[in-house]
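*Asks:* Residues per chain, in single letters:
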Amino acid sequence: MPLGDLVQYVVTGLLVGGVYALMSIGLALIFGVMKVVNFAQGDFMMLGMYLTYFLAVGYGVDPLLGALLTIPPFFVLGLLVHRTLLVRVTGGGNPQRLMDAQLILTLGLSLIITNATTMILTPMPRGIQTAYATQAFAVGPILMNQARSYAFLMALVLAGLVYVFLTRTDVGKALRAAADEPEAAGYQGIDVRAMHGLAFGVGIALVAAAGGLLATYHPIEPTVAVNFIVLMFVAVVLGGLGSIPGAFAGGLVIGLVQSLTLLVLPFQLQNAGVFIAFLLVLYLRPQGLFGQRLRAV
Amino acid sequence: MNAAGTDRGRGVRALAIALAVLLAAPTLLAPALAHAEDLKITLVAPLSGRWARQGQLKKMGAEMAIAEVEAQGGIKALGGGKIVLREADAGDSVEKAVSAAQRALSREKISAGIGSWLSSFTLGVTEVAERLQVPWFTLSYADSITERGFKYTFQSSPVSSLQADQALDLILDLAKRNNQQLKKAALVGDNTAAIVFFFKPLREKLLKAKGIDIVVDEVWTPPLADATAIVQKLRSSQPDIVFYGATNFPDSVQVLQKVKEFGLKTPFMGVGAWLVTPEYVKTVGKELLDNVMSVTAAHPLKGQEDLVKRFTQRTGEPFMTQDPLMSYAHVWIIKEAAELAKSTDPKAIRDAVARLDLRSGPAASTLIPGYIKYDDRGRRVGATPIIVQWQGGEPFTVVPAELATRKPVWHGGK
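Line by line, the protein sequences are chains W and H. The opening residue of the first sequence carries number 1 in this note's numbering; numbering runs sequentially from there. The opening residue of the second sequence carries number 1001 in this note's numbering; numbering runs sequentially from there.
The hints are simulated quantities; they were obtained by calculation from the structure and are not laboratory data. Be a bit skeptical, because a hint or two may be false.
[What the hints assert, rightly or not] In silico negatives: residues of chain W with every beta carbon more than 12 Å from chain H:
1. 61
2. 75
3. 103
4. 109
5. 139
6. 164
7. 172
8. 262
9. 280
[As the list claims (entries may be wrong)] Simulated DEER-style distance windows between Cβ atoms:
10. 59/W to 1409/H: 29 to 39 Å
11. 1238/H to 153/W: 27 to 37 Å
12. 107/W to 1290/H: 38 to 48 Å
13. 65/W to 1287/H: 18 to 28 Å
14. 1303/H to 84/W: 51 to 61 Å
15. 1169/H to 286/W: 55 to 65 Å
16. 1221/H to 119/W: 26 to 36 Å
17. 1287/H to 138/W: 16 to 26 Å
18. 1409/H to 165/W: 49 to 59 Å
19. 119/W to 1360/H: 38 to 48 Å
20. 191/W to 1314/H: 52 to 62 Å
21. 1179/H to 107/W: 55 to 65 Å
22. 265/W to 1290/H: 28 to 38 Å
23. 1200/H to 94/W: 48 to 58 Å
Even glycine gets a Cβ: it sits at the ideal position worked out from N, Cα and C.
Just chain W, same shape as in the assembly (with noise of 0.2 Å):
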């Protein structure tokens, strides 16, 4: 093969892996403070989508600005969730019951806003038309695909955003805290439960933000979600759980394990690859590419 040809496999994998990387920065910090499992992760992202479109369509907003405008409702829409139903499920109690109604809970809320978006907006597919969907940037015998490449840029800069924030600002560092040690953060005064919600609300604005992005070059339908719920999770789990440096490099492993499969299995074991890639780290190096390996005492 020649080179050209490989440099623009690894080259098309990071720009689809970018994306994934931004969907699955907000389920890895939902688990990472939370420690609960959001089933309902790729329906926020599929509601980001028309939420993007509908600005698109209705009011001429660029998608790119788009995605941006979907954070501050998402958020609202993530504490909304998180007081109103989540905090049911989440603190005190049995931690096998607590994550048995969790499971059951983000399962559910799956189910009941796929078919609600089906029932309202019909199954019928959506696409905003962008030139730059079916345009590229050249750089020699290259293409990067401009969609592809503002959305991987995007999906950067909010990582950082959100990187910055934990490391950088108290409220991070309070949200760190209850992540690590939800006993010991209560004593030292932080409201853990406030905290569960804004890592819900921010998880959420993530992912919608992510569907945004994603809505610039690929179409919008209630059912949407099934095509990457479970390479979030797989990213997650590659990363380490809970890990937001890790989430972000295992949707960026995603898309490169991806799009260099190719180069040795045909396509219909496209992603056959990625999950051979999961069990090897998952063998190799069992708490992720980031993640803490745990001492037994």
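Fit chain H to the known structure of chain W by using the hints.
*Replies:* Frame of chain W; chain H shown alone:
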């Protein structure tokens, strides 16, 4: 016997007759006063999941036919009975489709079924219908649907292998008329049953017989993560024609967007009505679509303008395609079969369909060749593929020429 006794006797007789008439009246008047018997049919189609749009379109066609049957006085042989539609969601997997059919057919008496769009679903659903002995009508293309010796399956579309054969002849003829010679072909599509059966004869014999090399042969399992690698292969191998089968809308949009991005000018010949739905125009734009043709089992023909107008006015859809057309025809076929069978019994309707030879009426006039008859395998006699081409943001029938609404245009050339 005195006069008074005679009078009393007459009175008693009159009373007895009146009583007898009153008692007999319900029986005598029964046929006239009885409620007409409704005919329940089911539509098992994807109403959720990635193929939900196709199910929605099928439903629109079926509902329109049901309304028209009712407006014409219902099924006369059943005393003006109406057709009642029970829809069931086939979802996005064979398992869900089979279970939906199972539920729909076992919950109440269903006289006939329609579905389930995707050949893979239909293969599963028709097994249920066969077991429960309910006649089943499908527009699915896969050859294997009617290769299993089933008695209750009626396939109204030309099968995939036939479509491949005829599509190739057409495209060769079209290229020749445009002074193009086809030497290299690409097969690009997913691994759903109809596409597999369309590609198989092309791959194994048809293209070779015409001296055409296959330069790209890429098949994927939906959904497609990214189309770059596929279109990159097309760009580097420069085929003269791409046979295209991406039944999942997002996959297809990704491929078409990439084709534009990479500046590929190769003509695309799709297989199936998924490629001619209105949402394509909104998502990828009409300019890009003008490069695209598709082989389908049905599409509005010359002379069907009134039918299309009724459909667009009723539904708000910009145009009519195979999916509503076929379910429209299927409802009318079931109606005619019920007239012939004079019964709602599914077995009687199945037997009526087997001997049906409709030469006129809405069912016959909707589908080429203008009559409805099924052979012993359940395949519609004379079913012929139609070639549809996007022109100016709308798909038009371009082949067969005598029923075409536009002339085909060759967009190829390098």
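*Asks:* Taking the hints in turn, state whether each one holds.
*Replies:* Structure-based check of each hint:
1. Look at residue 61/W: its CB is around 17 Å from the nearest CB on chain H, clear of 12 Å, so calling it non-interface holds up.
2. For residue 75/W, the shortest C-beta to C-beta distance to chain H comes to about 27 Å, beyond the 12 Å cut-off, and the non-interface label holds.
3. Residue placement check: residue 103/W keeps its beta carbon more than 12 Å from all beta carbons of chain H (closest about 21 Å).
4. Every C-beta of chain H lies more than 12 Å from that of residue 109/W, the closest at about 17 Å, which supports listing it as non-interface.
5. Every C-beta of chain H lies more than 12 Å from that of residue 139/W, the closest at about 14 Å, which supports listing it as non-interface.
6. For residue 164/W, the shortest C-beta to C-beta distance to chain H comes to about 30 Å, beyond the 12 Å cut-off, and the non-interface label holds.
7. Against chain H, the non-interface label of residue 172/W holds: every CB pair exceeds 12 Å, the least being about 33 Å.
8. Residue 262/W, annotated as away from the interface, has a beta carbon of chain H within 12 Å; the closest lies near 5 Å.
9. Distance check on residue 280/W: its Cβ is at least 19 Å (rounded) from any Cβ of chain H, clearing the 12 Å threshold; non-interface status holds.
10. The beta-carbon spacing between residue 59/W and residue 1409/H, approximately 37 Å, falls within the hinted interval of 29 to 39 Å.
11. At roughly 32 Å, the beta carbons of residue 1238/H and residue 153/W sit within the given window of 27 to 37 Å.
12. Between residue 107/W and residue 1290/H the C-beta distance comes to about 44 Å, which sits within the given range of 38 to 48 Å.
13. Checking the proposed 18 to 28 Å range against residue 65/W and residue 1287/H shows it holds: the Cβ atoms sit about 25 Å from each other.
14. At roughly 58 Å, the beta-carbon separation of residue 1303/H and residue 84/W lies within the given 51 to 61 Å, and the hint holds.
15. The hinted window of 55 to 65 Å between residue 1169/H and residue 286/W holds, with their beta carbons roughly 58 Å apart.
16. The beta-carbon spacing between residue 1221/H and residue 119/W, approximately 29 Å, falls within the hinted interval of 26 to 36 Å.
17. Our hint of 16 to 26 Å for residue 1287/H and residue 138/W holds, since their Cβ atoms are close to 21 Å apart.
18. Between residue 1409/H and residue 165/W the CB atoms are about 56 Å apart, so this pair conforms to the stated range of 49 to 59 Å.
19. At about 40 Å, the beta-carbon gap between residue 119/W and residue 1360/H stays in the expected band of 38 to 48 Å.
20. Between residue 191/W and residue 1314/H the beta carbon distance is about 57 Å. The supplied range of 52 to 62 Å therefore holds.
21. For residue 1179/H and residue 107/W, the Cβ-Cβ distance of about 59 Å falls inside the hinted range of 55 to 65 Å, so the restraint holds.
22. A hinted range of 28 to 38 Å holds for the C-beta pair residue 265/W and residue 1290/H, which are about 35 Å apart.
23. Judged by the Cβ atoms, the range 48 to 58 Å given for residue 1200/H and residue 94/W holds: they are separated by roughly 56 Å.
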